[in-house]
Amino acid sequence: MSGELFEEIIEALGTFAFAISGIRLAAAKKYDIFGAFIVGFATAVGGGTLRDLLLGAPVFWLSAPRYLAWTVVAMLFFLLFRDFVNRLGQTIMLFDTLGLALFNMVGIKVALGMGSSMLVAVIMGTITGTAGGVMRDILIQEPPVIFQKKEIYAVACLPGGGVYAAGHYLGINDIFLQITTIIVVICIRIITHRKNISLPYADA
Amino acid sequence: MSGELFEEIIEALGTFAFAISGIRLAAAKKYDIFGAFIVGFATAVGGGTLRDLLLGAPVFWLSAPRYLAWTVVAMLFFLLFRDFVNRLGQTIMLFDTLGLALFNMVGIKVALGMGSSMLVAVIMGTITGTAGGVMRDILIQEPPVIFQKKEIYAVACLPGGGVYAAGHYLGINDIFLQITTIIVVICIRIITHRKNISLPYADA
Amino acid sequence: MSGELFEEIIEALGTFAFAISGIRLAAAKKYDIFGAFIVGFATAVGGGTLRDLLLGAPVFWLSAPRYLAWTVVAMLFFLLFRDFVNRLGQTIMLFDTLGLALFNMVGIKVALGMGSSMLVAVIMGTITGTAGGVMRDILIQEPPVIFQKKEIYAVACLPGGGVYAAGHYLGINDIFLQITTIIVVICIRIITHRKNISLPYADA
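Residue numbers (my numbering), protein chains in the order written: chain A, 9 to 212; chain B, 9 to 212; chain C, 9 to 212.
Since the hints were derived computationally from the structure, they do not count as laboratory data. Just to be clear, a hint being listed does not mean it is correct.
Since the list gives no way to pick out one identical chain from another, each pair is judged satisfied if it fits inside one copy or across any two copies.
Below, simulated EDC-like cross-link-like pairs (lysine to aspartate or glutamate); rule was C-alpha separation at most 20 Å, straight line [said to hold, decoys possible]: (1) K203 - D182; (2) K38 - E150; (3) K38 - E15; (4) K37 - E150; (5) K37 - D211; (6) K37 - D182; (7) K203 - E150; (8) K38 - D182; (9) K37 - E15; (10) K158 - D104.
Chain A with its partners taken away, still in its complex shape:
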């Protein structure tokens, strides 16, 4: 029960963070408020939706109107504090990193709950954390930023998944392990960003 509450809280934070990132980029592309809302919602729930479709699970947000509600909150927050949100810069990157780490963890848990292997669960964590951002970029007609920027972004989910898998097999307390996994992803993302550690181009 306490585990469920913990998961609901990290889902709410991740949804808000991703919705803001979608709304902000759509607004910069001169999308209207409906378009920005849909791009925000797709960014927030797109990864989890693709995960559920691939796993054959019921699509999570259909039975949980709170995801729609959090996107409405993000939209209102953006409309009220637009200048503030647009000036955020680096802070937005922290937001986005938070969403990535939180959704990665949610995706791993959902896949394991559906009886997936640990390999599939780690892949589903990465998809949950990153596919919404790819959908956002396709909806605003930009090349997906996570494929081009060379940053350690989606790739940061993999060591996170590795840590979770190792701890899971060692029988470590699950909530403690989830928090550790989230922190690992956040740390890898921030440290590689600060130190300019990046992926090579495919066509060097």
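Fit chains B and C to the supplied structure of chain A, relying on the hints for placement.
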């Protein structure tokens, strides 16, 4: 039985209208006849397909080859009367509005038939009415027109859904209520279009 | 059993061919190695994934990690022999034609195995053979090449499907029939390519 026939007729009209809109835009982008056909088919069945995937329902057009047949009819109509279709202008907008209103109603009915809540049904109506157009725009590599044009388009589905929901709880005759819902969406769309009532940009 | 092995072999070859095509185009767009890998994987498994989602079948690569492994092999092959792969030109087209013909056959078999009608099976063959390439083009933000180039590409799957359907009803040995279908698609593609036989534009 009479209700089923009514639904088949509105589905046929909506399919034809949306297929023509996809074929026309793809042709203008110098797509070949195969490409135009696929864009037309995606525009026509894309919204309902996304709805069925999200609801976990069997994808409607797999067991109903008539949707494919109607797209073939739309393709032949376009090839035979190309100049006529390209000169349509405002009339195309009426076509498109008809497809929107009809598919919105179909989506609401399908979702309720799957046991969805009324909130989910209204969302599924909007998705059925509009997601095909978004897929069309992505396949022709344009920013989705419904996100940018500020017009009351997808948003017109919401009051339609509201009217259906209200009438449904009041126990009004369903065919009468469906026709009313379709007319409400069409009227909102045409009136806001005529009066230049539009949505604000997200980044005003 | 021998039939299953035959299908596994053609799936492996098709996966490698399509993954290389995706990785190569993503690399040319300055995607990083993660981006190129994902585009390669989407090109390779995208068609089969869409087929499985539409049919309501379990998504094939979730229970078969070998598809992921073959994409890793394709990625390593590309990184090691980049200059060689980039100089291939016409040979790449042969690769791609092989993938198309092989995946078309796989898609027909999977759909029939799910109890689909022959019409749906032929459509699913075409989707399995071509939708990965459309996803590739959307992920690299180019208009889908199969919609514009006027070549007999996706359309080559249809006579292949017709041959399979005819042979199936005549009770011809299935492995022999599958090989024939694959050869028919390859021949139609190569002959029309050599003779510059092409589709007309939709807006001639």
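Which holds for K158 with D104 at a C-alpha limit of 20 Å: within a copy, between copies, both or neither?
within (16 Å within a copy, 28 Å between copies)
I want to check one pair: K38 and E150. Are their C-alpha atoms no more than 20 Å apart within a copy, between two copies, both, or neither?
Both. Shortest intra-copy (14 Å) and inter-copy (14 Å) distances satisfy the 20 Å Cα cut-off.
Within a copy, between copies, both or neither: which one fits K37 and E15 at a CA-CA cutoff of 20 Å?
Classified as neither: same-chain Cα gap 33 Å, cross-chain 38 Å, threshold 20 Å.
### Message
Cα distance capped at 20 Å. Does K38 pair with D182 within a copy, between copies, both, or neither?
### Response
Intra 44 Å, inter 40 Å, cutoff 20 Å: neither.
How would you classify K203 and E150 at a CA-CA limit of 20 Å: within, between, both, or neither? Neither way: K203 and E150 sit 27 Å apart in one copy and 33 Å across, limit 20 Å.
### Message
Reference check for the pair K37 and E150, CA-CA at most 20 Å: within, between, both, or neither?
### Response
both (10 Å within a copy, 13 Å between copies)
Intra/inter-copy verdict for K38 and E15 if alpha-carbon distance must be at most 20 Å: neither (35 Å within a copy, 37 Å between copies)
With identical chains, the pair K37 and D211 could be close in the same copy or across copies; at 20 Å between alpha carbons, which is it: within, between, both, or neither? Answer is between; shortest inter-copy Cα gap is 9 Å, intra-copy 30 Å.
Copy assignment of K37 with D182, given that the CA separation must stay at most 20 Å
Cα proximity of K37 and D182: none, with 42 Å in one copy and 42 Å across.
message: Within, between, both or neither: how does the pair K203, D182 come out at a Cα-Cα threshold of 20 Å?
response: Result: close neither inside a copy nor across copies, 31 Å intra and 58 Å inter.
In this structure, the earlier hints numbered 1, 3, 6, 7, 8 and 9 are contradicted, and the remaining ones agree with it.
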